Amino acid sequence: MIENLRKRLRNLSALDVTLWIFRLFIIVIVIWGIIGTVSRNPLNMGAAQWRDLIVAGLAQGSLYALIALGYTMVYGVLLMINFSHGEFFMAGIFTATVFVAIPLDQAGLWNRYPLPSLLLVGLVSMATSMGVAVLTERVAYRPLRRAPRLVPLITAIGASFFWQYFFRGLYGSGITAFPTVQALEGQWTVVGFQIGKAQVAVMIASLILLVALYTFVMRTKTGRAMRAVSENKDVAALMGIDVDRIIVITFAVGAAMAGAAGVLYGLLYRQVHFFMGFVPGIKAFTAAVLGGIGSVPGAALGGLFLGLFEAIAPNLVLGGLGIPGTNQLKDVVAFTMLVLILMFRPQGLLGERLGRHKA
Amino acid sequence: MATKTRFNGGELVRFGLFATIVTALLAAVGLVTTFGERDIIGGVLSVGSIFLFGVAVGAAFLLTRRNSGAPWAIRLVGGTLLGLFTSILPLLIVLLAEPLGLRRFLPNISPDLIAIMTFGQGVAGLPILVLIFAVAGLLGAVLALLSASVRRPLFAGLLVVFVVGLLSETIILSWGNQGLGLAIRRVAFAARGLSPLGALLLFLLVAGINALWNWRSGWVRERIGALPPAPRQGLRWGGIALGILVLLFLPVLLRSYLTEVINNVGLYILMGLGLNIVVGFAGLLDLGYVAFYAIGAYTMGILTSTGRLGLAGLTWWEALPIAVLMAITAGVILGVPVLRMRGDYLAIVTLGFGEIIRILATSDFLAPLTGGPQGVLQIPNVPFFGMSLIKPEHLYYLILAGCLLAFFVSWRLRDSRMGRQWMAMREDEDVAEAMGINLVKTKLLAFATGAAFSGLSGTILAAKLNSVFPHSMSLYVSINVLCLIIIGGMGSLPGVIVGALLLIGLPELLREFAEYRMLMYGVLLILIMLSRPEGFWPSEVAKRELHAREEVAVTGNANTAG
Numbered sequence: 231m232i233e234n235l236r237k238r239l240r241n242l243s244a245l246d247v248t249l250w251i252f253r254l255f256i257i258v259i260v261i262w263g264i265i266g267t268v269s270r271n272p273l274n275m276g277a278a279q280w281r282d283l284i285v286a287g288l289a290q291g292s293l294y295a296l297i298a299l300g301y302t303m304v305y306g307v308l309l310m311i312n313f314s315h316g317e318f319f320m321a322g323i324f325t326a327t328v329f330v331a332i333p334l335d336q337a338g339l340w341n342r343y344p345l346p347s348l349l350l351v352g353l354v355s356m357a358t359s360m361g362v363a364v365l366t367e368r369v370a371y372r373p374l375r376r377a378p379r380l381v382p383l384i385t386a387i388g389a390s391f392f393w394q395y396f397f398r399g400l401y402g403s404g405i406t407a408f409p410t411v412q413a414l415e416g417q418w419t420v421v422g423f424q425i426g427k428a429q430v431a432v433m434i435a436s437l438i439l440l441v442a443l444y445t446f447v448m449r450t451k452t453g454r455a456m457r458a459v460s461e462n463k464d465v466a467a468l469m470g471i472d473v474d475r476i477i478v479i480t481f482a483v484g485a486a487m488a489g490a491a492g493v494l495y496g497l498l499y500r501q502v503h504f505f506m507g508f509v510p511g512i513k514a515f516t517a518a519v520l521g522g523i524g525s526v527p528g529a530a531l532g533g534l535f536l537g538l539f540e541a542i543a544p545n546l547v548l549g550g551l552g553i554p555g556t557n558q559l560k561d562v563v564a565f566t567m568l569v570l571i572l573m574f575r576p577q578g579l580l581g582e583r584l585g586r587h588k589a
Numbered sequence: 002m003a004t005k006t007r008f009n010g011g012e013l014v015r016f017g018l019f020a021t022i023v024t025a026l027l028a029a030v031g032l033v034t035t036f037g038e039r040d041i042i043g044g045v046l047s048v049g050s051i052f053l054f055g056v057a058v059g060a061a062f063l064l065t066r067r068n069s070g071a072p073w074a075i076r077l078v079g080g081t082l083l084g085l086f087t088s089i090l091p092l093l094i095v096l097l098a099e100p101l102g103l104r105r106f107l108p109n110i111s112p113d114l115i116a117i118m119t120f121g122q123g124v125a126g127l128p129i130l131v132l133i134f135a136v137a138g139l140l141g142a143v144l145a146l147l148s149a150s151v152r153r154p155l156f157a158g159l160l161v162v163f164v165v166g167l168l169s170e171t172i173i174l175s176w177g178n179q180g181l182g183l184a185i186r187r188v189a190f191a192a193r194g195l196s197p198l199g200a201l202l203l204f205l206l207v208a209g210i211n212a213l214w215n216w217r218s219g220w221v222r223e224r225i226g227a228l229p230p231a232p233r234q235g236l237r238w239g240g241i242a243l244g245i246l247v248l249l250f251l252p253v254l255l256r257s258y259l260t261e262v263i264n265n266v267g268l269y270i271l272m273g274l275g276l277n278i279v280v281g282f283a284g285l286l287d288l289g290y291v292a293f294y295a296i297g298a299y300t301m302g303i304l305t306s307t308g309r310l311g312l313a314g315l316t317w318w319e320a321l322p323i324a325v326l327m328a329i330t331a332g333v334i335l336g337v338p339v340l341r342m343r344g345d346y347l348a349i350v351t352l353g354f355g356e357i358i359r360i361l362a363t364s365d366f367l368a369p370l371t372g373g374p375q376g377v378l379q380i381p382n383v384p385f386f387g388m389s390l391i392k393p394e395h396l397y398y399l400i401l402a403g404c405l406l407a408f409f410v411s412w413r414l415r416d417s418r419m420g421r422q423w424m425a426m427r428e429d430e431d432v433a434e435a436m437g438i439n440l441v442k443t444k445l446l447a448f449a450t451g452a453a454f455s456g457l458s459g460t461i462l463a464a465k466l467n468s469v470f471p472h473s474m475s476l477y478v479s480i481n482v483l484c485l486i487i488i489g490g491m492g493s494l495p496g497v498i499v500g501a502l503l504l505i506g507l508p509e510l511l512r513e514f515a516e517y518r519m520l521m522y523g524v525l526l527i528l529i530m531l532s533r534p535e536g537f538w539p540s541e542v543a544k545r546e547l548h549a550r551e552e553v554a555v556t557g558n559a560n561t562a563g
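So the protein sequences, as listed, match chains A and B. The first sequence begins at 231 in the numbering used here and counts up by one. The second sequence begins at 2 in the numbering used here and counts up by one.
Derived by calculation from the structure, the hints in this document are not laboratory data. Treat the hints with care, since some could be wrong.
[As the list claims (entries may be wrong)] The calculated lysine to any residue pairs, modelled on SDA-like cross-linking and capped at a C-alpha distance of 25 angstroms, are: (1) Lys237(A) x Glu434(B); (2) Lys442(B) x Lys427(A); (3) Lys560(A) x Gly180(B); (4) Lys442(B) x Arg240(A); (5) Lys442(B) x Ser243(A); (6) Lys560(A) x Leu531(B); (7) Lys560(A) x Val337(B); (8) Lys560(A) x Ile438(B); (9) Lys463(A) x Leu531(B); (10) Lys237(A) x Leu531(B); (11) Lys560(A) x Leu476(B); (12) Lys442(B) x Arg575(A); (13) Lys442(B) x Arg253(A); (14) Lys560(A) x Pro374(B); (15) Lys237(A) x Leu340(B); (16) Lys237(A) x Ile360(B).
[Said to hold, decoys possible] Label pairs and their computed distance ranges (CB to CB): (17) Leu466(B) x Thr445(A): 55 to 61 angstroms; (18) Arg379(A) x Ser532(B): 15 to 21 angstroms; (19) Arg237(B) x Arg379(A): 34 to 40 angstroms; (20) Ala407(A) x Gly314(B): 57 to 63 angstroms.
Given the structure is predicted, the values throughout are model-derived calculations rather than measurements. Backbone N, C-alpha and C define an ideal beta-carbon position, used for all residues, glycine too.
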């Protein structure tokens, strides 16, 4: 026992010690902040405000979850971070807003038939996202399957900026308003809780989509092929699976989820613009890593957790430390979380430990 | 392939579809309109028209080359048909823009665009449009049919005319106002762009020189090769001396405005050399490189500012070591958490770091130190033996000194033990570790060196602008630097300079670029990675590696043939 401990101590490198100190430092800060908030309540927040934050966080988190699916699935089959996934999300809803939602609204049909209108917007959004994703895969990723890993990553960054500025040129650089759905205005009271209708709709829609995707991946033949490809491409090919086709399908399905998430984003924030995919993209990637990249339920869980964390942590932790303007630091909290996960638990909440070739 | 005599019709349709879609998108994105004002040859040819018709020329060129077995008349007809095919979607845009109210959806399908595409003549201009598309296709086909010895001077001439025409505004502003410059301007330049006569003269000149060079270059090389070693050394040193002389007198040559542009390029060269160590040598893809630039600039600002936020009131030279040291420290601190991450994860985490630094600099939290969104103001100029470096011509020498230092350090590091360790790590971390390389030390040193160059660049920026703003520390700086080293060639030192001149210098001269800069960078990144991953000016190692397989294939074929 003691012998064992001594052995481990001897193997401890300076780097490990530094990382441990860093870990302790973070834990101390977090606890300090929470104690500060709980004991002094520096921001003067009541239960109602915390509840609103939680609900907003969950709605935001379900968006992250939907976008994170694309990252996780593509990473599963290609072991590559699809940097331009956030742009697939933007492309879908931007196009659907410009070509469907706004004309419908101007024709007066938007609020007369809200459900069919939203479904139509959703379909167009998903189809556009899928189209953009398939095109990107075909042009920028497929020819580079066997290239060094840095190469497809760089094309992914290039594709990301290309799509952003392509759509900026196409639809303009301003912020476009997503028409308001009057049926989803206001609030519902659920067991004494007041919850915004739009937020409820977003959460329900996300849940349905997540379940549908999970069923697709676990139950259908294509889903099984996808999982086989992510286990081992060569063996999957030997089993008669058309690997290229499965990869395209993976991109398309992931992008479809992102396209659907776009509609929910429109409902929540009521605006679209060319840059809207960037930050949600990175956040969703964080969510995918948090849940364990490669795992579908992990992405869902990671998304919800990140949304919640991001909504609460600035006020709960940073507020207690006496830091002003906590809401400006939301993104800092999310990025810090990404760094911490990658440092200390790269396999995420639900993921298996990644082999060294994967990490 | 030579036995195939039939023209591939399916290919014609595919190329045509591609060309017409791309042309329509270029118009819809606004490139044709925005660049319509930028004349290459005054009143005849603008960059906008090149965007409009260039795709047809290029597609016809490729199509004709791919069907090299068919008779030449058929290939010419094929090219013309391709041009006609390309005109379909642009025609539809012109015809449908009004009735469908396309502008509501796509703001760039504006009356301006329609006017450009119909030559200001309404529907009557459409036949002209179709005709020009057909001629463009024919031109592409003709270019492909010419023999290489004719084509090379032709392309060289066209390229130079294009570049000179593109930059004509700057050229006129800088040199065209007196003496010889004014005389040349009267003949060769129009109000905007080159004059037709000037373009023709320039074209003939360059094409002639190129043809002459193609004809005699073998002879010149032979003569140089035949020289005894001593004069050859002399020739080399003479070249270097000439280079240094040009660098020293560049501001005199370039005048104020262009020197300012070169200064900006210089700052990016400095950063590029730093990132080149991190990405090019050590293979660590860092997307948060702007963080060190920001730290260098802010440290310099806070230490030297005479305004509200100034802490110490130091001079630039006194604060320089502190600021660079801060950047290095930041490099090491941010380097530690990512030591065990690779490739993709490293990229996204460093991107996060860059954003964290920027958000922190803007936030209320650090506002007492960094001034929040207003930034740090009233930063004094660089004092230098009693005078202060304020004009771009003065700052040029400071930046030049920085660049030369960074260049020298990079150059010496590349061939040093450290450099070889970095490259070993880039190729394979596990193997490098097995060979006894201390990965922790090697990685941290790469981060630290890169951060030092970037921090130095930041300190100069602070003194150059006399202020530091958080919004100039955006992700785009990191992406710009990354693009320029990739386009120049990863790991290649001259590549950094070429990349910076192309990617930073050119957009500064052409204000239309501002909007489409990132669009073009995106396309460039993808194209470079697909077709020429070693960049425009590759390092020797990259060239050897990336083309090793081709060479093997070639020698393999030679062997089987033998």
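Numbers of unmet hints, in rising order: 2, 3, 6, 8, 10, 16 and 20
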